[in-house]
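Participant: Please work from the sequences and hints to get the whole structure.
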Amino acid sequence: MPSYVVTGASRGLGLEFVNQLSQSPDNIVFGLVRNKKTADKLGALGRRNVYILEADVTDVKTLKAAAQQVSEITGGTLDVLINNAAFIDDERNALTLDGYPEGREYLLEQDLLKNFNINVIGVIHTTNAFLPLLRSGSVNDIKKVVTISSGVGDVLFTLSTGYSVGAPYSISKAAVNLAVAKYAAEYKDQGIVFLAISPGLVSTKEPLDQPTEEDLRKFEAMVASFRKAYPDFAGPITPEESVRAILVVVDKATIENTGAFISHKGNQEWL
1 MPSYVVTGAS RGLGLEFVNQ LSQSPDNIVF GLVRNKKTAD KLGALGRRNV YILEADVTDV
61 KTLKAAAQQV SEITGGTLDV LINNAAFIDD ERNALTLDGY PEGREYLLEQ DLLKNFNINV
121 IGVIHTTNAF LPLLRSGSVN DIKKVVTISS GVGDVLFTLS TGYSVGAPYS ISKAAVNLAV
181 AKYAAEYKDQ GIVFLAISPG LVSTKEPLDQ PTEEDLRKFE AMVASFRKAY PDFAGPITPE
241 ESVRAILVVV DKATIENTGA FISHKGNQEW L
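Quick note on numbering: UniProt numbering labels position 6 of the sequence shown as 6, and the sequence is numbered without any gaps.
Here are the computed lysine to any residue pairs in the SDA-like style, where the Cα-Cα straight-line distance is at most 25 Å:
1) Lys218 / Phe87
2) Lys188 / Asp141
3) Lys188 / Ile142
4) Lys228 / Gly162
5) Lys228 / Phe157
6) Lys41 / Pro2
7) Lys61 / Lys182
8) Lys205 / Tyr230
9) Lys252 / Asn49
10) Lys36 / Asp56
11) Lys61 / Ile121
12) Lys61 / Asn35
13) Lys41 / Ile118
14) Lys205 / Asn35
15) Lys37 / Ala65
16) Lys265 / Ser160
17) Lys218 / Ile171
18) Lys218 / Glu105
19) Lys61 / Thr127
20) Lys36 / Gly76
21) Lys41 / Gln23
22) Lys182 / Phe87
23) Lys228 / Thr238
24) Lys182 / Asp59
25) Lys114 / Asn93
26) Lys265 / Glu241
27) Lys61 / Phe116
28) Lys36 / Glu54
29) Lys64 / Arg135
30) Lys182 / Asn257
31) Lys218 / Leu108
32) Lys41 / Phe87
33) Lys61 / Leu131
34) Lys36 / Ile124
35) Lys188 / Ile124
36) Lys252 / Ser24
37) Lys64 / Ser136
Derived from the structure by calculation, the hints contain no laboratory data.
Facilitator: Okay, structure coming up:
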């Protein structure tokens, strides 16, 4: 039975990954969450092939414990790891590098470090924790590590759209793309495929979330910026659409693609 581990599985893209993957009874899917008590929607799937495990991507001890739990269920192997857990500060994501309030520049350093700690170091710790299981698979099986990145971590996208805000998040995604390439360079001969995939611009807001006028203003400004390079951009896609597309890309990926930074469309068209 193919086995999958999905981090950040309690909501958004992570929840949808678990939902779509577990629809096949042939799959075993492990959803990693920081707190089971807040993973109501994940538990509500009610599928026997879904296992909910607690782990924090910044806590190596909990990651190793989760890997051990996976090993006990799968017999010591893992087919696909999806590094989905990430951090973004919605409140300050509209700021530029030089746009932090006078006298509160320390917030910039805090944001940079927090984004890097979760979005880069967290991915590395998670990958390292599950690599022994990936390496234990059959030589003939293609093992895959998928890291959910973002088009805003692409230099050319930044320059072509003039997207100057959200720097801590964007910088962390650019950094994790190189981390993925480092793993790919090391493990190509062992047949493990590493990919950094941008999910597109995805609306993960809950139905009851009511955006403020300021939220709408920021969003409209962002969309206007993106349309400089993508004039036909129609707006955000749903988690269902994004995950469905990503899984097609992952399924088609071979060792020749390892280390690639691509979009949910399988190329470098980010929106």
